[in-house]
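Protein chains in written order, with this note's numbering: chain A, 1 to 298; chain B, 1001 to 1295.
Hints listed in this document are in silico derivations from the structure and should not be mistaken for laboratory results. Every residue gets a Cβ at the ideal spot worked out from N, C-alpha and C, and that includes glycine. Mixed in with the good hints there might be a few duds.
[What the hints assert, rightly or not] What the simulated footprint calls covered on chain A by chain B, stretch by stretch (three residues with Cβ under 8 Å from a Cβ of chain B suffice, anywhere in the stretch; the number is not a length):
#1 21-27
#2 232-244
#3 276-288
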Amino acid sequence: MRRELSAGQFALAMNVPTLLFLGAVLAFPVVYAGYLSLHKVGLAQLRRGEFPFSGWENYERVLEDPLFWIAVKNTLVFTAITVTSEIVLAVAIALLINQAGVWTSRITRFLILLPYAIPPICNGLIWSFLYNFQFGFLNRILFSTGLVQEPVNWAGNPDTALYAVTVPYIWRTLPFAIILVHAALQGIPRELYEQAAIDGANAWHRFRQITLPMLQQIIAIILILRTAFAFAVFEEILAITQGGPGDSTWVSAWYSYKISFSPPNNFGMGSASAFILALMIAAIALVYMRLVYRRVTL
Amino acid sequence: MFRHAAPARLLLHVANLAVIAAILLPVVAVMIGSIQSEKALQADTRRVLPLEFTLDNFVVILTQGEQKGRIFEQATYLPDNIKKFYRAFANSLIVASSVTLLTLLFGSLSAYTVARLRFRWTLFLMQANIVSRFVPAIVLMIPLYIVIRSFGQLNSLSGVVIAETGFLLPYAILILAPYFDAIPSELEEAARIDGCTRFSAFFHIILPLATPAMAACGVIMFIVSWHELLIPLILNARPDFMTLPVVIASLVGDVFVFFNLMMAICLLALAPTVILVVLLQKYIVEGLAAGAVKG
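Full structure from sequences and hints, please.
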């Protein structure tokens, strides 16, 4: 009879493909990005295949670059706006679609996942059509309803462009947050509300004393996940503003991308800046681990 | 749960209408933009609905520039990438299906062991998966570009499939593990007493029970892969290997491409995932919740 694998051997055998993929596509590139960030890597070096060691030079150049700090500042503003709006909107809309007795709520509930289906690059282009100064759809609607007389330059004005690109991002990523809050709402025992109603608590009190405390954990999860993802925003920036006008919508991922993949292709500096971005996100990830998977019981 | 008084009901209806309008605004924009000519868009910049409808934008994309139709009659230039529409659509389909298949296959093997067999290293693997979800793609893409370039493997679909599978595998495991955890372990214990090997107990007993989990995870993997831009954008610069999002991104800097054509190709690119979301909404909702909160 064939000898049966022990539990340990079986577990290892089942995980061989996963470990290979994680090693090749995640662990190795992260380490190699660290290596590249300490070497001079441009097109000339790529052609020769030799990367001379340059110590902390790439990091120094990144940290001395005013554009890098503009990108960091824009990323922080972008993240703060999108994450706070998403949490407020997600709680409000999840409560709204939870009203089973209201027929319009059932329509909203059916449509809620639609933005999740739109490819981010298409979402960006659609909003760039909406926002367009001369031919844009948003201005057309505002003209027809008489809300504005002159066209509004939504994304082309350096003072408003960063705010303008937050809206498409919120639009596309909100369904995820709503679904999590809505799922958490189903877990709140009905008896709590019934008891509160008997005690004479009004709707606001029930929300403050029951709903909000029960949603605390899921709100923390959304806060962390969305913060980490908003830090790496890319597609909407590419499609709507390409960092412009001027440098008003340069964000961190866009900075690393442009430094590396447009002339003069400084991959060393690109890696250094990407590494700094990863470190910022890693700090957020650690908090997430502590919070959600404190006891990894799964 | 609670009866709403009439004014409260009205307020809820108004709130719902506002949300519905916000969801539909971009969808209406892409539809209306795609059924008119550049001329019509430019002629009256204050009109919401176009004066005349045309399908020429779709015709020119779907015939790959062969039939220009009325509105492109005088156009001397069409971007080459538009002429590769079917190629790009096929590439997207190949990449997304392969990534879905591979992440489901490897992800279910891992998720099952992580959920059932608790070793120190499987717990560590689970933590590594959680951390991996936070790694921004741009950090991986610079080294991957350099490594894949040195192997001469830029511009191949397999490079993109491998990169995306590695990138998405941790997420697939996070979605699947809670489902496997919820299946009672008595089932495979009974099978093992009857002489099943560990693997055949997994394959014949557990996997069939996990079909809803595979559906939820699979559809999410397909959607994320269909939407992925950065990985194929950096790895595949040659038109024959571009996926749809890359082709669409290449139109961004092209001053000769107007919104009518862009909206038409966007509508064609977003249709498959919209159909999936409409048909499989229940599974996606479950999967998204499972992947974010431990089961």
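These are the hints, each one checked on the structure:
1. Taking a C-beta to C-beta cut-off of 8 Å, the segment 21-27 of chain A contributes 5 residues in contact with chain B, enough for the three needed, and the coverage statement holds.
2. Requiring three or more residues with a Cβ within less than 8 Å of a Cβ of chain B, the coverage given for the segment 232-244 of chain A holds, as 6 such residues are present.
3. Residue count for the segment 276-288 of chain A with a Cβ under 8 Å from a Cβ of chain B: 7. That meets the three needed, and the coverage hint holds.
When held up to the earlier numbered hints, the structure conflicts with none and fits them all.
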